[in-house]
Each structure stands twice: as structure tokens, then as C-alpha cells.
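Take the sequences, apply the hints, and build the full model.
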Amino acid sequence: MKEPKNPWETINMDWVTGLVPGGKENYNACMIIVDRFSKSMRCLPCHKEDTAMDTALFFWNNIISTSYHPQTDGLAERMIQTMEDILRRFCAYGMEYKDH
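Just so we're aligned: the sequence shown equals residues 1 to 100 in our numbering.
Because the hints were derived from the structure by calculation, they are not lab data. Don't be surprised by glycine CBs; every beta carbon is placed ideally from N, CA and C. Be aware that a few hints might be false.
Said to hold, decoys possible - In silico DSBU-like cross-links for lysine-lysine, where the CA-CA straight-line distance does not exceed 35 angstroms: (1) K48 / K5; (2) K48 / K24; (3) K39 / K2; (4) K2 / K48.
What the hints assert, rightly or not - Cβ-Cβ distance ranges computed for the label pairs, FRET-style: (5) M1 / E49: 29 to 35 angstroms; (6) W60 / S38: 17 to 23 angstroms; (7) K48 / P4: 25 to 31 angstroms.
Okay, structure coming up:
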């Protein structure tokens, strides 16, 4: 995979599902987006039941980017795994993960 030359040019995206519903919106999943250039990560609360259109609109409204490449790498997978561990611990203690 070609290395990106600019931030948010290429991203990795995955979901963590099966979370305890939380917040006013009863979020039960999290969309995790990793920028391959800067290695920055965004974690957006969402619903496991969201449709493809819901996800696209949510992504557009929260990230404002159209570049999506389904390829993945070890760095993104490791960040996603770490974030999933953190979210599951927050949920286990009844914390509002959408506020952190």
C-alpha cells in the first residue's frame, strides 16, 4: 500500500460492537478511524444497528472526508484493539464512553 503524503488522505476504519448501551442516545458501538499519515485516531460512538447510509452520513458529518480505503495494516489494527479494550473497561464500570 502506498504511503499517504497528507493527513486524512488514507484511513483505516473499523467498528467495536457489543458494548453496553450508554448515553442519552444509547450508543452500543464505536466507529474507530485511524489516519495513516498522522497516526491519529477518532473514536465515534454509534449504533450497531446503523445502516450503511447512517454510517456514511455519520462519517461525513464527523470527519468530513471522502477518502476511504478498506486496506488495513498492523498499526491500525493494534490501535483499534487497544481502543476496544479501553471501551470495554469503561462499559464494565458503567462510565459514559462517549464523553471521553
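Structure-based check of each hint:
Proposed proximity of K48 and K5 is supported: the alpha carbons are some 33 angstroms apart, at most 35 angstroms. This hinted pair checks out: K48 and K24 have alpha carbons roughly 16 angstroms apart, not beyond 35 angstroms. Of the pairs offered as hints, the one joining K39 and K2 holds, with about 15 angstroms between alpha carbons and a cut-off of 35 angstroms not exceeded. Restraint check for K2 and K48: the C-alpha separation of about 31 angstroms stays at or below 35 angstroms, so the hint holds.
Hint check: M1 to E49, Cβ distance near 31 angstroms, so the stated range 29 to 35 angstroms holds. At roughly 20 angstroms, the beta carbons of W60 and S38 sit within the given window of 17 to 23 angstroms. The beta-carbon spacing between K48 and P4, approximately 29 angstroms, falls within the hinted interval of 25 to 31 angstroms.
Comparing the model with each earlier hint shows no violations; every hint is respected.
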